[in-house]
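Construct all of the structure, not just a fragment, from the sequences and the given hints.
So the sequence shown is numbered by our numbering: it starts at 86 and just counts up by one.
Calculated from the structure, these hints are not laboratory results.
Be aware that a few hints might be false.
Distance condition first, Cα-Cα at most 30 Å in a straight line; then the derived DSSO-like pairs of lysine-lysine [stated by the list, open to error]:
| hint | residue 1 | residue 2 |
| --- | --- | --- |
| 1 | Lys206 | Lys196 |
| 2 | Lys158 | Lys169 |
| 3 | Lys127 | Lys169 |
| 4 | Lys176 | Lys196 |
| 5 | Lys158 | Lys206 |
| 6 | Lys196 | Lys158 |
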Amino acid sequence: MALDNTFTVRGQLTAEPELRHTKTNIPVASFTIAHNDRTFDKESGEWVDGDPTFVRCSYWREAGENFAESHEKGDRVIAFGSLKQNDFTDKDGNDRSNLELRVEEAGPSNKYATTTTTRRKGNGNKSSAPKSKAKANAGASSKAESSSEDADDDFDF
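The structure is reproduced here in structure tokens:
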């Protein structure tokens with residue numbers, strides 16, 4: 086059995102995603118997802134929030150740009166990726182480390198909200214089928230559109 090370093094987190098964004106570019110002009114979106122478990126206290130008859138867990142995330146390249154443009158503070162999101170340990174020396178000279186989720190896929194959670202999806206051109210996946218509008222409805226309002234004949238799609242609809 087192979088070891089797998091994959092991790093999925095769901096929760097709310099604690100702030101607006103921060104989009105920056107590296108020295109070689111590669112975009113990266115940085116954000117933090119907060120998650121806390123809720124339990125039902127039978128004695129009080131109320132829901133009780135547990136201690137929050139904060140997960141720092143980085144989402145690279147065009148996908149990170151898409152995420153930063155599409156989400157804001159408070160949005161409920163789901164992110165999937167691998168954990169990476171970062172070792173560094175702080176300003177006081179102490180050796181430190183932290184864990185970061187290197188996001189492979191992320192998007193909105195549809196547990197309490199509906200979303201609309203706009204497909205972008207230029208993803209490199211050319212489709213030979215005629216382009217048309219396609220709608221998906223799996224419990225949430227989600228829409229994928231193609232507005233021109235030369236648009237790129239992931240799938241033939």
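Quick rundown of the hints versus the structure:
1. Lys206 <-> Lys196: Between Lys206 and Lys196 the Cα gap is close to 28 Å, so the pair holds against 30 Å.
2. Lys158 <-> Lys169: The hint holds at about 24 Å.
3. Lys127 <-> Lys169: 39 Å, violated
4. Lys176 <-> Lys196: Violated, because 41 Å separates the two Cα atoms, which is more than 30 Å.
5. Lys158 <-> Lys206: Answer holds: Lys158 to Lys206 is near 27 Å, not above 30 Å.
6. Lys196 <-> Lys158: Satisfied, since the Cα-Cα distance of roughly 17 Å is no more than 30 Å.
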